[in-house]
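**Student:** Please dock the two separately framed chains into a single complex, following the hints provided.
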Amino acid sequence: MVWQTVLRILLFLICAPFAGGLLDGLDRKASARMQGRQGPPVLQPFYDVWKLFHKQTIVVNRLQDFLVGGYFAFSVFTGCLFFAGGDLLLSFFALTLAEVFLFMAACSANSPYSSMGAQRELIQIMSYEPMLLLAAIGLYMVSGSFFVDDMVGRGASAIALLPGVFFGVVFVFVIKFRKSPFDISSSHHAHQEMVKGLTTELSGSELGLVELAGWYEDVLLLGFLALFVLNRGVWSIPAAVLTCLACYFLIVLVDNVFPRVRWDKMLGWAWAVTLIFGGANVLILALVR
Amino acid sequence: MTVVAFLILFPFFAAIVLSQMKKPGRVRDGFVYSCSALIIAAVVYLTADVLTAGRSRSYLTDTRSLDQAILAGEFLLMALVFYYGFRFRKYYVVLLSAAQTLPVAWMELSGRGVEGQVHLSVDNLTVTMCLVVGLVGSLICIYAVGYLKDYHAHHKEYRDRSPFFFSMLFVFLGAMFGLVFSASLTWMYFFWEITSICSFLLIGYNESKIAVRNSFRALWMNLLGGLGFALAILYCTLVLGVANIQDLVNLGMAAGGKAVLVPVTLLAFAALTKSAQMPFCGWLLGAMVAPTPTSALLHSATMVKAGVYLLIRISPLLYGSLSGILVTSIGGFTFFAASLLAVSQSDGKKVLAYSTVSNLGLITACAGVGLYEAVWAAILLLMFHAVSKSLMFLSVGAVENSIGSRNIEDMHGLIVRLPKLAFVMTVGIFGMFLAPFGMLIAKWAALKAFVDSRSVLLILFLVFGSGSTLLYWGKWLGKLVAVTHQSERLPDTVHKGEWTAIGTLTALVILLCVLFPALSAGLVQPQLVLMFHTRLTAIISDADVKVMIMMLCMIVILPLVMRLLTSGSRSKVVPAYMAGVNEGDDRHFVDSRGRPKSMYLANWYMEDRFGENKILKPSLVVSAAGLTVLMIVAIGGAL
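Chains F and B, in that order, give the protein sequences. Heads up, the first sequence is in numbering that gives the first Met the number 0, so the first residue is 0 and it goes up one at a time. Heads up, the second sequence is in numbering that gives the first Met the number 0, so the first residue is 0 and it goes up one at a time.
Just chain B, same shape as in the assembly (with noise of 0.2 Å):
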C-alpha cells in the first residue's frame, strides 16, 4: 500500500517543488534525478513484491473524506479550462467541461454514488503499466533536463518556462500511476482528465500561435472523450449500481453483454478519442509542436496509452459485442490509415505520430477482438511499443539538437556525421518492423490472434498496413546509412542524462527480445488467466523463439564475421558511379553545360497518392461516419 500511496503521491509533491525551483542548475537537474531515479526504484520494488507474492489485491473500500478531495479536485480541473477558455475565448471548452463535471459532482453530493467498493487495486496489467510509465517515463524526464538546454539556446523566441515544464512531466507522471491503480471509475475519470490537461499545457508549452491553436484542439477532444466517460460513470451508477470498473467486468460477464453494452461503448469511445484513434488522431499529430520529451513521453509512450489500457482492462465484455466490432473496426482502419499517411511525410516527428497513431490502431483492435490470445498481442505491443518508440522520438529530438533539422532529409549520411545517434537509431527502427524485435513479435501474435478470430477485414488491414508500414520506415532507414565521402563528423552535443535516457532504452530494445518469453510468463499469462478465466498455450512457440534469438545473434556477430573476411582483401574503394562524369567525389557531378552542379538524393514522398490532402480527409470522414452509427446501432440497440 505504501508503495502505491508514494507512487501516486511522490510525483506531484516532486512537482511542486519543481514548481518553485525557478533557477535552472545543478540543484534542479540534480533534484530531476534523484526523483526520476526514486520513481524507477519504486517501481522495482513494486513489480518484485507484486511478481513475488503472485495475486492481486485491493485497498479503500471506505473513503468518504478522499473521494471528497477527488471532487474538490475535479472542480479545480473545470476552474482551470474555465480559465483557459475564457482568457482565449475558447467557449466550446467551457462547455465541455461543465457538461461532464457537473452531472458527476451532482451524483457525489446527493448521495447517489456507490459505496463501499474497492478504489485501488494492483494486478499484473497495473504492474505492467507502471513498469512502462515508472521506467520508460522516468527516463524520459532524464532526458528532458539536457534537451530542454538546447531547446532554449535553439528556440530563443520562446519564453524559457522550464519550472513550470518539468512539474508538469511529473505531475503526468503521478496523474498516470493514479489512472493505472485506481479501480473505482470516478478515481479513473478524476485522473485522466488530468492527463488531459497535462498534455494541453504540455502543448501550449512555447506559446506560439499554432501551439496554442493545437492545445486547444487536444483539449476539446480529449475533453469529448471525458464526457463519454463521465456518462458511462452515469450510467453504472444510477442504472447499474457499479462504480468500478473489476465490477463492472464481472457484472459484464454474468448477466451477458446486453446489459453493459450501454456503460462499454461510451468507455471505449472515451478510450478511443484517447489513444488518437481515427477520426480523433488529428489532436495527437498536432501535438507534436511541443518540445520532444513532451511528444515521447505524452503522445507515445504513455499517456496514449491509457485509452488502450482501459480498452484492454474491459477487453472481456468486447469480445463478441457491438461495441467489439467497433473498437476493431476503427483500430484496423486506423492502423492501415495512418500508416498510408506516414508515406508522404518527410518531418521525423510527423512520421512518429502516424506511425504511433498507426500502432495504437493495432493495439485497439487487438483489445478490441478479446480473445486471450489478441490481448496477450495488445499488452505487449503496448510495452514494446512505448520502448522503440520513446527511442526513436529521443534520438530525433537529440539528432534535431545537433544538426537544426528534424526532417528526414537532412539526416542522410547521419551514420558518417553522427555514428552513435545513427546506430541507436538504426535499432530502434529495427526495433519497430522487422524480426526478431519486439514489435513485429507483438504483431504476429496480432495477425495469428485475428485469423483465429475469422475477423478477414482486421487480417487484411493488417497485411495491407505491414507493407506500408515497411516502406515508411525502410526509407528513413535508407537516409540514415548513407555513407557520403568527404563529410565531417559533427561534435557530440548531446547531454550525458540524454545519452543514459537513450542508452539504457536501446539496451531495452535488443534485451526485450531475449526476455519476452520470461515477461510473458511472469507478467502477462498470469493477468490473462486472471480475466479470461483460462489456461493457455505459448502463443509463441519455443522453438520459433529459439529462431529468433539465433537471428538476434547472427546480427551481433555479422559485423565481426564480415569484418574477419574482409579483412586483408584486394578490395578497392572508389567514388560512387554517376556515368562517368563526376567531379572527383560523390556528390558533385558535371552538368550539360560543362559545369559542376551538386547531387542531391531525395527519398521518395509520392504526395500525389499519399499525401495528407489525398487520403486524410476521406479517411476522417469513413471513420467518423463509422464511428457515428456504430455507437447509435450500439447504444439504441441495447437502450
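Chain F extracted, bound-state conformation (with noise of 0.2 Å):
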C-alpha cells in the first residue's frame, strides 16, 4: 500500500514535467497554426527551460529567491497529493498555497508591472476559487468522499451526475491556464501592456522554476478534469485521456479566439457561472440524492 503511493507520486514527479511541456509545446504548435503560422517545434517549451536554468539569474531582491521556491514546492506537493490518491479539498488548499507564494513573489520586487499582474494574480484567483470548491463538493456528494482514490472507485461516472459542475470547471479553467479571454495577469505578448504582468521581475533559473511548476500544476489540473470521467471500467481510462485533451484543446481554441476582458468581467462572469452552473447543479444534487 505504502509502495504503491510511493511509486504514483514518484510516477508523478518525473512523469509530469514531460507530459506538461509537451502540453505546452502543442499548444503552440495548435495555436500558430490557428494563426496560420509554421510555430515552434513541438519540444521547444524543453529548449526554453533547459535554457532558463543555464543563464545567470538576475533578482531585485533575496526574498524572491524563497517565495519562488515555495510556489514550486507547494505545486509538486499539491500533485502529489492528489496523485497519491489524497483528500481533494486540502490538494485544493495546498494549490491557494502554492499560488499565494507566487503573489508575493511577485509583490516582493516592488516594481509597477508585476505588481500590476500580483493584484489581477488576485482577482483571478478569487474568480476560479468558489468553482473549484463547489466541484470537489459535487464530487463529494456524489461519491460520499473527499478522497481522489474514492472517487474514480465508482461504478458510474461523476460527470452523469455533474455536467453543469463540469462546464464550469472548464470554464474557470481558461482563467487558471492563463488563457485569453481570462489572461489577464500574464499574457504572453511582449507588446502589451502588462510587459510579462506577474513574472516581470522573474529570470534565469527562477523563471524556469515558474515555468517547471507551471507544467506540474496543468498536469494536475488535468487530472481533475480526469476525475469526473474515471470509474471502476477500464475503459474509462482512454475516455478520460480523451475529454482531457479535447477541454485543453477547446481551451487553446477559446484563447485564440476571444479577445481579453476586464478583471470585472472575468470575476461577474466567472462567479455567475459558478452560480447558475455549479450552483444549480449542487442544489438539484442536494435535493435529489
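If you are wondering where the hints come from, they were derived from the structure by calculation, not from laboratory data. No false leads were slipped in.
Reference excerpt, derived from the structure (chain F facing chain B, CB under 10 Å, subset only):
1. T56
2. C106
3. M125
4. E200
5. L266
Chain F stretches covered by chain B per the calculated footprint, using a threshold of three residues with CB under 8 Å from any CB of chain B:
6. 72-80
7. 87-94
8. 114-122
9. 276-288
Cβ atoms here follow ideal geometry from the backbone N, Cα and C, with glycine treated the same way.
**Tutor:** As C-alpha cells, this is what we get:
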C-alpha cells in the first residue's frame, strides 16, 4: 500500500514535467496553426526551460528565492497529494498556498508591472476559487468521500450527475491555465501593457522554476478533469484521456478566438457561471439524493 | 469551586485596585502583569483539574443572598445607563435599559423566580472559553500596558484616563468569566449586561465626539439584544418554569423544539446582536475608534464570542428548527457580505473589523446548523479566530505606534522597515486563511458540515465568501512583503510587554496547527458527546493531519533550503524594471517631460464595485428584512 503510494508519487514527479511540457509545445503548435504560422517545434518549451536554467539569474531582491521556491514546492506537493489519492479539498488548499507564494514573489519585487500583475492574479484566484471548491463538493456529494481514490472507485462516471459542475470547471480552467480572454495577470506577448505581469521581475532559473511548476500544475488540473470521467471500468481511462485532451484543445481554441476582457467582466462571468451551473447542479443533487 | 470563584471575583478586585492607582509607573505595570499571570495560572489549573477529573460539575443550588446581590448589581447597571443616557441626552438607551431590567427585577422580587436550580457549572465548553478569555485576554492586558503609554504619547489631545482603562479591562475579564461559568439565565444575563456596558465605556474612552457617538451606537444595539435576553428569561421562568440554560436545552430535547422555540429565538436574537451579525454589525465597526487593546480584547477575541458561545450552548435546539434557519441564514449571509465589504477597506483595523464580523458569521452559521460536526467546527473556529485575530490586532497596534499609521497602504515594504512585525503579521495573515493553519482547518470542517446537512445556500455563501476573503488578506500580504530598495530599518519601539504578548500569540498560531488534534480529542469531542449523546468519528482524518504537518514543516524548512541552494550562485541583484526609465532606484522614474517623478504602488480597492456605499446598505436592508420576517414566523408560529 505504502509502496504503491510512493510509486505513484514518483511517477508523477518524473512524468508530469514531460507531459506538461509536451502539452505546452502542442499548445504553441496548435495556436500557431490557428494563426496561419508554422510554429516552433513541439519540444521548444523544453529547450526554453533548459536555457533558462543555464542563464545567469537576475533578481531584484533575495526574498524572491524563497517565495518562488515556495511556489514550486507547494505546486509539486499539491500534485503529489492529488495523485497519491489524497484529500481533494486539501489539495485545493495546498494549491491556493502555492498561488499565494507566487503572488507574494511578484509583490516583493516592488515593480509597477509585477505589482499590477499580482493584483490581477489575486482577482483571478478569487474568480476561480469558488468553482473549484464547489466542484470538490459536487464530487463529494456523488461519491461520499473527499478522497481522490474513492472518487474514481465508483461504478459510474461522475460527469453524468455533474454536467453543470463540469462545465463550470472547464470555464474557470480558462482562467487557471492563464488563457485569453482571462489571461489578465500574465500575457505572452511583449508589446502588451503588462510586459509580463506577474513574472516580469523573474529571470533565469527562477523563471525556469515557475515554468516547471506551471507544467506540474497543468497536469494536476487535467487530472482533476479526469476525475469526472474515471470509474472502475477500464474503458473510462481512454475516455478520460480523450476528455482532457478535448478540453485542453477547446481552451486553446478559446484562447485564440477571444480578446482579453477587463477584470470585472472576468470576475462577473466566472461567478455567474459558478452560481448558475455549479450552484444549480449542486442544489439539484442535494434535493434528489 | 475555589478556582471558579477566584476567576470571577479576582478580576473585579484587581479592577478596584487599579482604579485607585492613579499614577502610571512600574508599580502599576507590575500589578497588571502579575494579575494577568495569576489569571493565566488559574485558568491552566482549572483546565488541568477538569480534564483530569473528566466530568462536568455544577455548583450553587441555593443562592438566595447571592441572587439579591445580582439583582442589586442589575439596578446599578441600570443606574449607570440612566446617568450616561441623561448626561448625553440619549433617552432611547434609558428606555431600553428600563424595559429590560424592571420586568426581570419584578419577577425576582415578586417571588416568581424558579428556585433550587444550578447557578454555576463547569464543563469542557466552559474550559474552552476560559482558555480563550484567560490566555488571550491576559496577554492583551499585558500588551495594553506598553501600548497605552505610546498611545497617549502620540495622542496628546486625549485625556489620560489609563486607571479607568485598566480597571475596565479587568472588570470585563471578570464579567466574561462570570458569563461562561453561569448556568442560570439570570446570572448569565447580568454578566452579559456588564460586558455591554464595559464595551460602551471603553469605546468612549478617548471622549472624542465620534467615539461618544459610536459608543452609544454600541450601547443601544447591545441593550436591544439584552432586551431579547430578558424576554427570554421571562418566558422561560413564567411559562416553562426553567431558569437554567441546561434545563432549557434538556426540556427542548425532551419535549420537542416547538415548546422552546420562543425563548430560543429570543436568545438567538440576543446572540446575533452581541456577535455583531448583520444588520447589527455597525456597532462593531464603530468600536474601532477605541484603543487597540480594547478592539482586540472585546471586539474580536472575547466579548463578541459571548454571542456565539450562547448559540453553541443552545445549538442542539437549533438543529432543524425555524430559529436554526434564522441563525444560519443570518450567519452565512454575514460571512459573505462582510468579506466582500472588507475588500474596499484600506484602514487596517477596519479590515480586521469586517473580517471579525465575517468570521463570527461563519461561527454563527455553524452553531445554527446544530449538527455535531458543525458545532465542532464552531468551537474550533472560536478558538483559532481568537488567537489569530488578536495577534493581528496587536501587531497592527504596534505598527501604528511605530509608523504613525494603520493604513495598509502605509505598510508598504514593512518587511524592510520593521522586519519582526512584518513577520508576525505574515504569520497572523497565514493563520487567517491559508492551509495548514487553524482557521482554514475549521473552515474546512464547516464546509463538510454544511455539505452533510445539505444546506446549499450555506455552501454557496462559504465558497464565494472564501474567494473574497482570499482577496483582502492577499492584498495586505502583498503590501507587507514588498522589498523596497534604499529604505531604512525603523527603530524597534515596541515595548517588552507588547513583544511578550505578540510573541506568545505568534507561537500559539503556529503550535495550534500541530496541537489541534489533541485539543479536539481532549476538549471538544467530550463536550460534543455530552451535548449530542453520540460517539463521533474524527472530522479531519489522521491522514489529512499528517499531510498538514508536512506542509507546516515545508514552510519552516523552505527558507533554509532556498538559502542553501542559492548561496554561492551567480545571481545578480538589480533594480526593478520600469520600462528603462528608472532614476537609479526602484522608486523614481523619468516622466514624459524628462523630470524625475516618484512612483507609488497602490493596492486595488475597487470602490466602485465593493465600496461601502455600494454594498453596506443593501446588505443591512436584506438582513434586517430577513431577520424580522424569520423572527415573526418563528415566534408567531410557536405562540
